[in-house]
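2 protein chains.
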Amino acid sequence: MARPMLLNAFEMNTVSQSSHGLWAHPRSRAADYNRLSYWTDLARLLERGLFDGLFLADVLGVYDVYGGSAEAALRSGAQIPINDPMLLVPAMAQVTQHLGFGITANVSYEAPFLLARRFSTLDHLTEGRVAWNVVTGFLDSAARAMGRPTQREHDTRYDMADDFLQVVYKLWEHSWADDAVLRDKGARVFSRPDRVREVAHDGPYFQMRGLHLSEPSPQRTPVLFQAGSSTRGLRFAGEHAECVFINGRSPAGAAEKVARLRAAARQAGRRDEDLRVFAGMSVIVGRSQAEAEDKLADYRSYIDPEGELAHFAASTGIDYARHGLDEPIGFVQNNANNSALESITTRSREGAWTKRDLIARMSVGGRGPLILGDPQQVADGLAQWMAEADIDGFNLTRLVAHESLEDFVTLVVPVLQERGLYKRGYGEGPLRRKLFGEARLPDRHPARRAG
Amino acid sequence: MARPMLLNAFEMNTVSQSSHGLWAHPRSRAADYNRLSYWTDLARLLERGLFDGLFLADVLGVYDVYGGSAEAALRSGAQIPINDPMLLVPAMAQVTQHLGFGITANVSYEAPFLLARRFSTLDHLTEGRVAWNVVTGFLDSAARAMGRPTQREHDTRYDMADDFLQVVYKLWEHSWADDAVLRDKGARVFSRPDRVREVAHDGPYFQMRGLHLSEPSPQRTPVLFQAGSSTRGLRFAGEHAECVFINGRSPAGAAEKVARLRAAARQAGRRDEDLRVFAGMSVIVGRSQAEAEDKLADYRSYIDPEGELAHFAASTGIDYARHGLDEPIGFVQNNANNSALESITTRSREGAWTKRDLIARMSVGGRGPLILGDPQQVADGLAQWMAEADIDGFNLTRLVAHESLEDFVTLVVPVLQERGLYKRGYGEGPLRRKLFGEARLPDRHPARRAG
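Protein sequences, first through last, are from chains V and X.
Per my numbering: the first sequence = residues 5 to 455.
Per my numbering: the second sequence = residues 5 to 455.
A few of these clues could be false.
Since the list gives no way to pick out one identical chain from another, each pair is judged satisfied if it fits inside one copy or across any two copies.
To be verified - With a straight-line cut-off of 25 angstroms between C-alpha atoms, the simulated SDA-like cross-links for lysine to any residue are: (1) Lys427 / Ile363; (2) Lys299 / Glu410; (3) Lys189 / Asp298; (4) Lys189 / Pro30; (5) Lys189 / Asp384; (6) Lys189 / Glu410; (7) Lys189 / Ser305; (8) Lys261 / Glu157.
Read the hints as simulated data drawn from the structure, not as lab findings.
Remember, predicted model here, so these are calculated numbers, not experimental data.
Using the sequences plus the hints, can you model the full thing?
What follows is the structure, given as structure tokens:
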């Protein structure tokens, strides 16, 4: 198996993550997002399917651009209510052994000293199965809820993220030596003080001095995910990210992004193979193509245009409620790295488009790519993406929870395995070892040099 | 049963919480504090013993006053390393149905908007079993790690806590109406926008404007714990606390504190019965008194004076390393509401004392009260405390994990039940309903009026 396909489920601690409206499907469990069993059942299912990870997106704030209020978002449940993602992980770790957990946390609002301890705690409790999706936020509503009039400028947010990472790198990698903890009951010595040190940081955004409160965890620094696609975001990913989540409408479009990402990594003194790239993907599979098409038609009948518009409006900063159906809409910025926006931003670069275009293109899986068919057809589609886009795997979006993933595990995974595209069992050890062969970051990663 | 005895286990996500040195006992599991099974086994044990809750203390920072460094603390494991307490709860909730979880979180360093969401998330996942122990911190090392030169003044920290609570009260109690969430799949409406509102706060320490990101959880505001014993802390407890954790050397000493607490609650327009008071207590039980005494002698042989001194030094701000054994030491302030300090502070009010006194009094359970004996003797001791101190129950300290609690559950609980002092099964519903009869705070609590 030259390059095994990696798979994450792409989820969020909310009722409606994307494909808004699907929560109301009679078989969807999404309305139970706030119950432990939703998540423990999901985790067990994913481990049965040998998924590498569960990727938990998050957003702080509410989508209040459309119509100038949160009305449409609230009615449709478009990422509101949204609970904390990190607290789902210990319960899912308790019912699994290998599944990794990618957790989104926002460097614009968290405190590095406390966030570092939380990730270390999770890395201990999960025995090294934790990844961190580093985000900087994109909503003014979050800034206001945190006591600021507006969010910081886009590039400033990334400068702040750089500074934040320096602090947590120091805490994770440089406060406790590998041999600091003895746990020696006979000698009655827990740690060796000469092998633990305060770290200090005096950066433009963060200043601190202190010991890391946690002893070294299996991975120390969690596996680092990132999803920025701007010029500044790309540089950040090249420097720091181990796994990158991209959105692309087509394999060719994705391939361009992947090439830029790998170039950015090389630019930062890292290697092509230091990056694993996951493409966002929706899959609908049936035992036959006809069954899959029926499923799509059924799912599509639940799509809620108001929820979709509320989400798009916040992601682009444009209030579509003020546009007539056929009025041209100007250039659209994709602030949120939202797969649903890909085709719109592409189109807006090419020329005028209207709200009617937007609504016409609303479908299952947003405007991100959708692969549909029988198990062989789906395997063909995924294999084509792998080959043409130079990606390492997929983040599979939530459609009808958990039916769509159950279908995938039952129908598609065995075909991928038969073709030699997918593993037949988990590797041993922490998540980073499963993904990259080593539990610790390589010396060429900036975390190792942050001390 | 006039006033049933309430029981919490008093724990911390660390190797050595108190009675430093006991982690090295051959039967202690404390060195596995960073593994899920330590906590899930504990939770199952406590639920078997019908405990009301597991109280998770926490401290940010490290004990670096003794000898001017963290050496003694690190060697002995005295509350370092210390992991995040909140992340233990989902895994324990997953293996229990009724046990409550009291989680310490520090208002000096957390962000109210984010902390509110974390507690709401937990209250959902646990179906209403969460309590929050509100603390303000007492270590300069924590302040430095958070980018401040020193911590704020004692009373300022409580003023800030008041302001913090106003923000989270608004989010928890006043952003979403009881009937805001419909979950109506047929109508495809998740929430009613007209029943959800932004809250705003413009206080001396915190300013914000926003919707709460979480829909109403079973308790909304988690059950509020507090443990302050200063004049300012007492006023804070009277205004806000539902459960208070006190330390007292004797029932008479505890009774004085309880009287002051209940007076503070009345002063704040609340009622005596709005407070449940838990006294810190160490228990060593054997099938006979002799067996219990042998156990104490065995445990005591593990006590680590250096760890105890490191802990005391940080709690009092006095560097005992600079004192000769028989040199008089001046007045001691109990900054940390540390039960181990009770006798010392009492003594220092009465006159001179020395490091020799301190070391001589080091024993199992710190200098807090210890009840030792056969099951009947232990039940007698607990009953006497209940009657004389006007308390509602106990926070049982960690001695040898989990042997000491296992002994308690197996030997003491049945005797308490036979005497009609302790419940024979859990009540239904959320933690607040089990403790106070209602899942929601009463109208007279300030959280209900914060809107």
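message: With identical chains, the pair Lys189 and Ser305 could be close in the same copy or across copies; at 25 angstroms between alpha carbons, which is it: within, between, both, or neither?
response: So Lys189 and Ser305 pass the 25 angstroms test across copies only (13 angstroms; inside, 64 angstroms).
message: Cα distance capped at 25 angstroms. Does Lys189 pair with Glu410 within a copy, between copies, both, or neither?
response: between (47 angstroms within a copy, 22 angstroms between copies)
message: Regarding Lys189 and Asp298, is the shortest C-alpha distance of 25 angstroms or less found within a copy, between copies, in both, or in neither?
response: between (64 angstroms within a copy, 21 angstroms between copies)
query: How would you classify Lys189 and Asp384 at a CA-CA limit of 25 angstroms: within, between, both, or neither?
result: neither (57 angstroms within a copy, 35 angstroms between copies)
Lys189 and Pro30: within-copy, between-copy, both or neither at 25 angstroms Cα: Result: close only across copies, 7 angstroms inter versus 57 angstroms intra.
- prompt: Is it within, between, both, or neither for Lys299 and Glu410, if the alpha carbons may be no more than 25 angstroms apart?
  reply: within (14 angstroms within a copy, 54 angstroms between copies)
- request: State whether the alpha carbon distance between Lys261 and Glu157 is at most 25 angstroms within one copy, between copies, both, or neither.
  value: within (24 angstroms within a copy, 52 angstroms between copies)
- prompt: Is it within, between, both, or neither for Lys427 and Ile363, if the alpha carbons may be no more than 25 angstroms apart?
  reply: Answer is neither; intra-copy 39 angstroms and inter-copy 60 angstroms both fail.
When each numbered hint is compared with the structure, violations occur for hints 1 and 5.
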